[in-house]
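Q: When you get a sec, could you build the whole thing from the sequences and use the hints?
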Amino acid sequence: MLRRLVDSHWAFRLFLALPALGMLAQFLRLHSWGLLIGQSGEWAVRMLILTLAVSPIRILMKQLHMGPHWPAWLLKRRRDLGMACFLYAALHLAAYLVRQWNIHVVLYDLRSVEYAAGWLGFVTLLALAVTSNDASVHWLGTWWKPLQRTVYLSAIAVFLHWYWIRQDHDGLWLHLVPLAVLEGYRLLHNFARPAGLKH
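Numbered according to the UniProt record's numbering, the sequence shown spans residues 1 to 199.
These are computed hints drawn from the structure, not numbers from a lab.
Small disclaimer: the values here were computed from a predicted structure and weren't measured.
Treat the hints with caution; some may be incorrect.
[What the hints assert, rightly or not] Straight-line C-alpha distance at most 27 Å; calculated BS3-like pairs for lysine-lysine: (1) K76 - K145; (2) K76 - K62; (3) K62 - K145.
A: Shown next, in the form of structure tokens:
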């Protein structure tokens, strides 16, 4: 029973939705758009980090001889993590637009680098979400993988958005450092492997 629950995609998706349910319940109680914007943005970043962490964690699992099940399980959940990242980012953007409720203010904000970086990050995530399906893999062919790699551009834009929009950067570094360590590990591992075996 527990194994079936762990292997269930729907159970995993429900787990990823729990923070959103908590945020919305809190919003209904406090009616704070600012709190919803901040929390949804942070959860979008966390889901982005988890999505990017899949490859280095799978490498680590294989090197620790954890067997084939868990690396395969993790790979199958990467698409769900990516979609969760996009949906939390969409909630973040929607809350911002509703709070502003003025297209002139939104366009004025877009002139500043912190908001431009946020929009760039979201547009990139949107493109990734739209093409994160088997039909797009078939339709785009060899272009699909390079497109998916633009997730790194999105990550840079998102972290710059966070850095520029907030004065307190402790939370940013708390999220960024573990990802940087994992990505550094992945790059070192790939650098040491033959060209045809890169992750």
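Q: With the threshold set at 27 Å, check whether the alpha-carbon distance from K62 to K145 stays at or below it.
A: 23 Å, holds
Q: Is it true that the CA of K76 sits at most 27 Å from the CA of K62?
A: With a Cα-Cα distance of about 16 Å, the restraint between K76 and K62 holds, given a limit of 27 Å.
Q: Going straight from one Cα to the other, do K76 and K145 come out at no more than 27 Å?
A: Status holds; Cα separation ~16 Å.
The structure fails none of the hints (numbered hints given earlier).
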